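Student: Below, each chain spelled out in residue letters.
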Amino acid sequence: MDLETFWFVLIAVLWAGYFVLEGFDFGVGMLLPFLPRGEEDRRTLLGTIGPVWDGNEVWLVVAGGATFAAFPAWYATMFSGFYVALLLVLVFLIIRVVSFEWRSKSESEGWRSVWTWANTVGSAGASLVWGVGLANLVYGVPIDSGGDYAGDFWDLFSLYTVFAGIAVVLLFAFHGATFLTLRTVGDLRERAEHAARRLSIPAVLVAALFVVWTVAVAMDRNDKDLFPPALPAALAIVALLLAVAFLFRGRTGRAFTMTALGIISAVATLFVSLYPRVMVSSPNFENSLTVDGAASSHYALSVMTVVAVIFVPIVLLYQGWTYYVFRRRLGLDQTAAETSDAGARA
Amino acid sequence: MSALAVTTVELARVQFATTSLYHFLFVPLTLGLAPLVAVMQTLWYRGGDERWLRLTRFFGTLMLINFAIGVATGLVQEFQFGMNWSVYSEYVGDVFGAPLAIEGLAAFMLESTFLGLWIFGWDRLSKRVHLATVWLFALGSWLSAFFIMVANSWMQRPVGSTVNDGRAELTSVWELLTNRFAIYAFTHVVLVGLTTAAVVVFGVACWHLVRGRNVELFRPAVKLALIVGVPVSAVNLLVGSHLGIVVTDYQPMKIAATEALWDTEQPAAFSLFQIGGFTKDDQTPSFDIEIPYLLSFLATGSFNGEVQGINPLQDQAERDYGRGNYTPPVRTTYWSMRIMAYLGTLVFLVMAVGAFLFRRGALERRRWFLWVGVLTIPLPYLSALAGWVLSEVGRQPWIVWGLLKTSDANSPSVSTTTIALSLGIFAGLYGTLAVVDFVLMRRYARLDPPEVGGEDDEFAVPAVGY
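Protein chains in written order, with our numbering: chain A, 1 to 346; chain B, 1001 to 1466.
To be clear, the hints were calculated from the coordinates, so they are not data collected in a lab. What you are looking at is a predicted structure, and each value in this text was computed from that prediction instead of being measured. Careful, some of the hints might be misleading.
[Stated by the list, open to error] One-sided excerpt, in silico: chain A residues whose CB lies under 10 Å from chain B:
#1 Leu-35
#2 Val-58
#3 Thr-67
#4 Phe-68
#5 Tyr-75
#6 Phe-82
#7 Val-84
#8 Val-206
#9 Ala-300
#10 Val-312
[As the list claims (entries may be wrong)] Here are the in silico distance ranges between beta carbons for each label pair:
#11 A/Asp-144 <-> B/Lys-1405: 17 to 25 Å
#12 A/Pro-276 <-> B/Glu-1265: 54 to 62 Å
#13 B/Ser-1172 <-> A/Glu-107: 53 to 61 Å
#14 B/Gly-1424 <-> A/Gly-186: 41 to 49 Å
#15 A/Leu-226 <-> B/Asp-1123: 16 to 24 Å
#16 B/Ile-1425 <-> A/Ile-201: 34 to 42 Å
#17 A/Phe-248 <-> B/Ala-1427: 44 to 52 Å
#18 A/Ser-106 <-> B/Asp-1123: 20 to 28 Å
#19 B/Gly-1424 <-> A/Ser-106: 22 to 30 Å
#20 A/Met-219 <-> B/Thr-1432: 42 to 50 Å
#21 A/Asp-144 <-> B/Arg-1446: 52 to 60 Å
#22 B/Glu-1175 <-> A/Ile-201: 51 to 59 Å
#23 A/Pro-276 <-> B/Thr-1432: 39 to 47 Å
Backbone N, C-alpha and C fix where the C-beta goes; we use that ideal spot for every residue, glycine too.
Sequences are here, hints too, so could you generate the full structure?
Tutor: Structure representation (structure tokens):
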């Protein structure tokens, strides 16, 4: 594999990591006003993602930085072209970040309710825009012969891309609810499981349709064959179906593994459908940006490859360790937590 | 058409200035408070003095409120290059992108992950491991500052790269990382951070002392703040002034504009204060207070050094790069440098007087001085912001010194309306955040630090929870 392809794959991996990790904390954010029965529950919910959401969000910072460094032309065209969309993402992420830190800083019910909703709107909004935005890479946007974006904000919306946004929102809500079944106890856990079951069928149906549609879009608009995009798409569908099956049999740990795998496969479907281009141009397909055309020089890519090979495993180690440290379930009854923790592991 | 283009660039510049300066309101306190809180926790860990634990949590809370906004505004910084400056991004990505990507992977990941572990790890980790998490957080924040300063310094002094096929390409990562400009700028930034944190800790402690509240608790905090603040703010003045010499070597025009020095002088006097003399048509100030020889010393390290003036440098630049205006805004750079330096000196003096009074055991009785301590809190911030204005405005008209002009670097596909819209949204959002953040910080800074039991199970409640 040449370095350009390696970095394309690495960026796909970073997006997949971002979606899996921030996916569940977005999901928890979306469920925040609905699942809990009072302030105590809400704090427990926030507590499940409290130690990790910040580390999860850094995956986005790294994905952005890696795109800038490895594919400057891609970064330049995508970020200037998707301007309003990214502006929305930033606003959503900012109000969400702030909600985490500020919500508990006053006892006032009105204050807390404002930041609860800020978190929910931020989580759902950012998920929606990421879905729409990434789907546009494959679907195609107007690009001129100089490689600049030639459309406007409304060009980002088509039936397919909006559907992609909805799929991401539903998938993250499902992923988040499944996550909560692993991290809470008692009544809250039961309600999380109930929510996960109710979300599972629509989420999986919409997500399955999304990956199939993505393969069709790739064949239609990006000159791709059925294979290889169909492989990750099939994997995504199988994983998500297994997630539903495990969930209804009460095996929530395995269900969560499968929602994570489903998300990874869905992201893989998108990026496999995109390769060897990084942004499809439509109309004027010949203006599409390609992996080779958008990449940095061989030397710059080599330097960053060394850095990535050293640091990605280190990051995975200490982030993994964080999840291990905070593996204990949260809830009012700590004894029950320990017992059910032991049960879940068995 | 060209008038419109200018507006777009100007708006993009205003937006960059707004978001960068706003971001830097939060950065220095994190840079400085992280190691200070780590030291406090270490003192508790080693000596068992519970006051240090209470101080750790007290200042840790302030650090967190502050860090949250820093993360959010940092994301805007990263996105903004591509959004508003796509030509720049494509031109520099090969070089400038590398330190940004490395920052994310090697530094920011470390910072965020270990902050989470620190906040929530009080009852999950052993005391020793928990202590390590706050030090790793501090390390992450400093590494992060290093890579960002490497990126910024490349814009000031592009090294380790060559221009190939209309864009910059990295040729030596070692030269990029050891850029002399970056070494000084990074040192300057972390010292600014430490100074800011020392002033904040000192000011907050003074506030409690003046009220006669928690005196026993805040006395050691005052001592720590002074032990750090006095030498660091002094060394920072030296490092800052040496950075001036580095700038003279690579960006003589920036120094000339900063000093409103129109003609080359040897020796050159330093202008302390002047009225007029800031424009091409009005090169002689109507009123001026000068210290002879000082500018030669500050800019070259020698009292008899030659300092080049704006007029010859402008002529030289036109010969090198073609017709155009190569003079940065003189009035802005002149005053931003002086605000930075004067406030920086004032901060050092307050710290020094504080240390003098503290050693004589007279600090707590001098109520007026305790109020001075409280009122000093904004000064390092204003000084730091002025420093960034000097650094970035002084680089104009270049976005990358000698290679790419700011006016050629913005996104062609982004309209003036769009930038105006986003500028409005960010300004509104940032304004709100600033107010709420200030109110929260003030409230938490005034709280009595909660009592902490000596038993380990008392730590079940995290320092900051949701």
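Student: With chain B as the partner, please determine if A/Phe-82 meets the hint condition of a C-beta pair closer than 10 Å.
Tutor: holds (8 Å)
Student: If I claimed the Cβ atoms of A/Met-219 and B/Thr-1432 lie 42 to 50 Å apart, would that claim hold in this structure?
Tutor: holds (47 Å)
Student: In this structure, is the beta-carbon distance linking B/Ile-1425 and A/Ile-201 contained in 34 to 42 Å?
Tutor: holds (38 Å)
Student: Confirm or reject the claim that B/Gly-1424 and A/Gly-186 have a C-beta distance inside 41 to 49 Å.
Tutor: holds (47 Å)
Student: Take a look at whether the Cβ-Cβ distance between A/Asp-144 and B/Lys-1405 falls inside 17 to 25 Å.
Tutor: Cβ of A/Asp-144 to Cβ of B/Lys-1405: about 22 Å, so the range 17 to 25 Å holds.
Student: Any CB of chain B closer than 10 Å to the CB of A/Val-58?
Tutor: Hint on A/Val-58: holds, closest Cβ of chain B at ~5 Å, below 10 Å.
Student: Holds or violated: 44 to 52 Å for the Cβ distance of A/Phe-248 and B/Ala-1427?
Tutor: For B/Ala-1427 against A/Phe-248, whose Cβ atoms are near 50 Å apart, the range 44 to 52 Å holds.
Student: At the C-beta level, are A/Asp-144 and B/Arg-1446 separated by a distance inside 52 to 60 Å?
Tutor: holds (57 Å)
Student: The hint says 53 to 61 Å between B/Ser-1172 and A/Glu-107; measuring C-beta to C-beta, is that right?
Tutor: Cβ of B/Ser-1172 to Cβ of A/Glu-107: about 57 Å, so the range 53 to 61 Å holds.
Student: Is the gap between the beta carbons of A/Pro-276 and B/Glu-1265 within 54 to 62 Å?
Tutor: holds (60 Å)
Student: Identify whether the interface hint at A/Thr-67 stands, where standing means a beta carbon of chain B within less than 10 Å of its own.
Tutor: holds (8 Å)
Student: Could you see if the CB distance from A/Pro-276 to B/Thr-1432 stays within 39 to 47 Å?
Tutor: holds (45 Å)
Hints 1, 8, 15 from the list above are not met by this structure, while the remaining hints are.
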